[in-house]
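Letter by letter, the chains look like this.
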Amino acid sequence: MADVTNRDIDYVAPAEVEEEELYHAHSWITKYVFSQDAKVIAIQYSLTAIAIGLVGLVLSWLMRLQLGFPDYFSFIDAEHYYQFITMHGMIMVVYLLTALFLGGFGNYFIPLMVGARDMVFPYVNMLSFWIYLIAVLVLVASFFVEGGPTGAGWTLYPPQTILSGTPGSDGGIVLMLVSLALFIVGFTMGGLNYVVTVLQGRTRGMTMMRLPLTVWGIFIATILALLAFPALFVGAIMMLFDKLLGTSFFMPAIVELGEQLSYGGGSPLLFQHLFWFFGHPEVYIVALPAFGIVSDLISVHARKNIFGYRMMVWALVAIGGLSFIVWAHHMYVSGMNPYFGFFFATTTLIIAIPTALKVYNWVLTLWQGDIHLTLPMLFALAFIVTFVNGGITGLFLGNVVVDVPLSDTMFVVAHFHMVMGVAPLLVIFGSIYHWYPKITGRMLNEGMGQFHFWVTFLGAYAIFFPMHYLGFLGVPRRYYEIGETMFVPDSAQTLSAFITVMTLIVGFSQVVFLFNLVWSLFHGEKADPNPWRATTLEWQTPETPPGHGNFGKALPIVYRWAYDYSVPGAKEDFIPQNMPPSKVSGKKKTKPRRAKRK
Amino acid sequence: MIVAFVLLLVVIGSVGFHLISPWWWTPIASNWGYIDDTINLTFWITGFVFVAVLTFMAYCVFRFRHTKGHKAHYEPESAKLEIWLSVLTSLGVIAMLTPGLFVWYQFITVPDGADEFEVLGQQWMWSYRYPGKDGRLGKTDPRNVTADNPFGIDTADPAGQDDVLVQGEDLHLPLDRPVKFLLRSLDVLHDFYVPQFRAKMDMIPGMITYFWITPTRTGTFDILCAELCGVGHHAMRGIVVVEEESAYKDWLAQQPTFAQSLAKANAGTRRVSTLNAGGSVR
Amino acid sequence: MGLFQQLTEKSWIEEGVEADPRERAAPAHANGKVGLWVFLGTISSLFMLFLSANYVRMGYPDWKPMSEHGLLWFNTGLLVVSSLAMQWAVTAARRRKLNGVRNGLALGGIFAFAFLAGQLLVWRDLVDQGHYITTNPANAFYYVLTALHGLHLSGGLVAWARTFARAWRDHNVFDVRLSVELCAIYWHYLLGVWIVLFAVLLIT
Amino acid sequence: MAQASTQKLEGQTHPIKTYLVVWLWLFVLSAGSYMVDYMQFQGYLRWSLILTFMMLKAGLIVAVFMHMKWERLALSYAILLPPLLVLVFVAIMVFESDYTLLTRVLYFATGTPEAAGE
Ligand code: HEA
Ligand code: HEA
Ligand code: CUA
Ligand SMILES: [Cu+2]
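Chains as they are written, first to last, in the working numbering: chain B, 6 to 603; chain C, 181 to 462; chain D, 41 to 244; chain Y, 941 to 1058.
I should point out that these hints are in silico values taken from the structure, not numbers from a laboratory. These numbers come from a predicted model, not from an experiment. A couple of the hints might just be wrong.
Said to hold, decoys possible - Distance windows between CB atoms, simulated:
no. : chain 1 : residue 1 : chain 2 : residue 2 : range
1   : B       : ASP175    : D       : ARG164    : 25 to 35 Å
2   : B       : GLY557    : D       : TRP208    : 36 to 46 Å
3   : Y       : LEU1021   : D       : ALA157    : 36 to 46 Å
4   : B       : SER267    : C       : PHE282    : 37 to 47 Å
To be verified - In silico SDA-like pairs for lysine to any residue, Cα to Cα no more than 20 Å straight-line:
no. : chain 1 : residue 1 : chain 2 : residue 2
5   : C       : LYS248    : C       : TYR310
6   : C       : LYS360    : Y       : TYR1047
7   : D       : LYS104    : B       : PHE246
8   : C       : LYS429    : C       : HIS246
9   : C       : LYS360    : Y       : PRO1023
10  : B       : LYS576    : C       : TYR310
What the hints assert, rightly or not - Derived coverage of chain B by chain C (criterion: at least 3 residues anywhere in the stretch with Cβ under 8 Å from a Cβ of chain C; other residues may be distant):
no. : stretch
11  : 47-57
12  : 119-130
13  : 206-218
14  : 232-240
15  : 307-316
16  : 470-480
For each residue, glycine too, the CB sits at the ideal point set by N, CA and C.
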């Protein structure tokens, strides 16, 4: 490699990063509204995501009311039902989880955890939020246009998405596609920030392998998102053209309700491939940050280093890479070239191996730990239970022949709620209990927290575990009502009603949680700057909540990895990352870092 | 203590629910018993791992929960353990995948001599077409669809004239003969799904998809649509009757052929139908 | 330190800060440059996916290739010159010649605008000839792909305008050098994309 | 943030000659792909040739003009690997497209190219 580029301007020695020009807010508006401070943006992102998430939650109640008690609620007709599931799915996956994990947690924790003052492109970061907000508003607007929001299912498969047999096929779908396109543009802006900040903004001594797994999870997820979202973008654009201009990208010759349409020649399967080339990485986009965060929660609250740190990082990278070559496992019964089944079943099951290693390492971290059963730890344990359950049902679906009878049944619904609806949400709750003290300076109320935990964990398990069995029976998903059949016993309806009741109970406990969030803001016990005695940099800030620029005058220097818990011989059972070796009297076997020459 | 107990309870409860649950597969009515076998195998392997991992976790929570003076052990990694675990997991995956792929090969390989017939999906009903005496289905095109030619059969294709059309009626299949379902849709995606057959496949406008089964049990079964196709999706039902071959033949003989139904339509409406015209394009 | 070494480091054993790869690895990178590279990765994914969609659609019988438009060769030439001019600006910036930077930027911008204008002309011509977007999937892809490319170039022109303004205001080459380099990289990239698109549109 | 450096400028700019040589190559390669068209190669040969020329050209541009050649190795991996993943998609799509076409030709009246010209 010829070394000929221009050192003078390209090179900023990490130790001098503190001299980096920092954005300064001059007025209330620029400080809290059009703020360029990643922490403020993070909170804006999170609040918006939670707000729209609550809409998704209410939609899930309405859907469940219909499924549990098919004849009681006349205001939910079939059209509404399909609109509800579509908006519920899309909101939860994209606008809640993706935005909350990357936009919310990413913005808050990346700069703090890598020891940076802020994101590298604060202005772009701010734009990212505002575009996201507009995307959300456009999405909400689709509830109010004539015909309502689209009812095409969150997978938006053409041709039905844009044909009149589907609710919301006029205004609703257009707004949905526009909103998605906006989301992608906004996300790309944020995503660039997260990636470049991790690569460039790390403080002195923070090597890649000293990053907390939270950062690794968000980092890899962001890379996935940057590469996968374009596929959705391409699909959305082409579908908009098909809808608005009458092109035939995805539309073959069609006779709709006896009438010939002017489309011809297009391939609906192409959309499905594009969608899942985005869609599968997308599900890992919401899973990988959860994987990362839960590793840290377990390690901190078990007072033990995460077991097999390197393996955890490699597994994240491997899962990320593999997730791009498994997409067609969502299309086993789509009528695609049947020989693809061999390839995709194999890659899909291979993904289970790195994932399994992560599960083992979480559990092995508990082994011989010193487990504090705090709320974040409880949520982490609950995550493992639900994730293992959901992951294992993924293995059923991944094995192509097994998927044939199960595909498009409630079994699939149960799988992805367990693994995506419940497991990562439990991590979100856990991390809110974990970091709330840092973000607000106050602890959340423990009693309400315990209530929230037990009801949510056991309740959600009771919702989705039995649902698998409806799938075994053969009850299809996306059915407004199953009605009279020859193969579904009446008892299945009782089960369905039970699931609905559990949903409402779990829903109620979320109200308690929200109340706790607000109540504790004013009345919560004042928090110690480092209440969990954790090692990572966000807990070492001079102020709580961290001030503008995060770290006071000098940036921290990092001397060790993020998991020095219970080091033999050390006085305390944790050694912060920025504690110099000279101040530690450990008997741990270490060697000083040396410059390795090639 | 309580936490460990509850975790254990979740595991026991799950297994218990599985054992006593009255909700399980409907009895199979096709040759795809292999699929059920693969599922059972998967259940055993994954069920074992589920119980093992979570019980181990509950034990850890119980055994290593915080007590005064207790300190965690410091152990960054153990390459040996991780290699062992990967190998074991890989074995588990191979054990599930290998039979799965063999069965998939059978699933996509239609045996020689299977009877072919066509299922046509449209919003929101099913129709069927049998090849008639010549054993061949006529070619089709959605552009040919008219009120008189709802299947869009190409009138220029001689193979199409004797095709037997079944509309607004139950589907009948002969017992113990392999049949290949050719699936076609006129408008949007649908999915032909009979729970007892264990097989299903999407139907895609602009393309033909297929699967094959051998019905192994006589009876009457529900046909469901398993791919969202608009507001009527859940109401897109049908019925399939599996019966002895002789009864099936009798039934088939009563159904009109394409040529017959065309003639009838022409006579009934006394107008020259524009056979070749291809529908009016909007 | 290689990627492999970095990822296999046993970070729990090593204490201290001596070995920060970014301090020795030469050269380190400006944030803007890394950001641009990541962004280019994203749009590569976008264009590649579009092209594979194009490929799929191309195989079906209703695809009727567009006749090749002579003006496109000329437009390609414009974009090449624009890219060259940008490179001139970079070279000048490296040699600390402010005038060269200004001239190069100005030329680059003008030719980029000319390219866009040329593309619009081709569009108008095609419409006049009855090649509407719905006439044929080949047309549809042509319009969508050229529009996408044009949009990206327009976005680049926004960055270009800011750089240009600074090059006129500031008198220190040093301050604009990074921006000029970023613009140039982006320009070359879009030239590359255009060449690929043109080849695809030509041969199909 | 840029540090004024006193470092010498020699050896930092790429000689104009490099660029000229690369331009020449780009020209040759373009001529090559034009020739493929001109000589009316068909089928897989046509495609593989055209793709090869395209890749070579893109590679040259990325390597020289966009300075990839002088970037850190890790970064090059990070940038070159992802398109490879997209290439898997492209490859799968090639098979898929053929398969769809096959079913159209087998079963549809207008599946054949001759019949398409309506
Ligand atoms: C966070 C989201 C998330 C995650 C992590 C996963 C993880 C997995 N998913 Fe899931 N999936 C979804 C979200 C997710 N999924 C969604 C949203 C859908 C439906 C979309 C729609 O149609 O609307 C879906 C649908 C879906 C399908 C399509 C079903 C269908 O429509 O017919 C398939 C099929 O292969 C599948 C497979 C898998 C597999 C194999 C994994 C694996 O990654 C799981 C790996 C984990 C484990 C295996 C558990 C831990 C391992 C052990 C404890 C060791 C034991 C293991 C062995 C013995 C091997 N999923
Ligand atoms: C992360 C994603 C996510 C989440 C959290 C949920 C949550 C829930 N979902 Fe949903 N669901 C989907 C993603 C999700 N879902 C998707 C993608 C589909 C497919 C759509 C389609 O087919 O097109 C779907 C479809 C779907 C169906 C199938 C409809 C059908 O096919 O006919 C059903 C039916 O019961 C259902 C029920 C529920 C219930 C009862 C809840 C919850 O009530 C579960 C219990 C509640 C919680 C665990 C707490 C959640 C709290 C919040 C969301 C509040 C905001 C967050 C904070 C305060 C941090 N969902
Ligand atoms: Cu037809 Cu659903
Ligand atoms: Cu998937």
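Hints, one by one, checked against the model:
no.: 1; hint: ASP175(B) to ARG164(D): 25 to 35 Å; in the structure: holds, 31 Å
no.: 2; hint: GLY557(B) to TRP208(D): 36 to 46 Å; in the structure: holds, 39 Å
no.: 3; hint: LEU1021(Y) to ALA157(D): 36 to 46 Å; in the structure: holds, 38 Å
no.: 4; hint: SER267(B) to PHE282(C): 37 to 47 Å; in the structure: holds, 46 Å
no.: 5; hint: LYS248(C) to TYR310(C); in the structure: violated, 78 Å
no.: 6; hint: LYS360(C) to TYR1047(Y); in the structure: holds, 14 Å
no.: 7; hint: LYS104(D) to PHE246(B); in the structure: holds, 19 Å
no.: 8; hint: LYS429(C) to HIS246(C); in the structure: violated, 75 Å
no.: 9; hint: LYS360(C) to PRO1023(Y); in the structure: violated, 40 Å
no.: 10; hint: LYS576(B) to TYR310(C); in the structure: violated, 83 Å
no.: 11; hint: 47-57; in the structure: violated (count 0)
no.: 12; hint: 119-130; in the structure: violated (count 0)
no.: 13; hint: 206-218; in the structure: violated (count 0)
no.: 14; hint: 232-240; in the structure: violated (count 0)
no.: 15; hint: 307-316; in the structure: holds (count 9)
no.: 16; hint: 470-480; in the structure: holds (count 7)
Of the numbered hints given earlier, the model fails hints 5, 8, 9, 10, 11, 12, 13, 14; all others are met.
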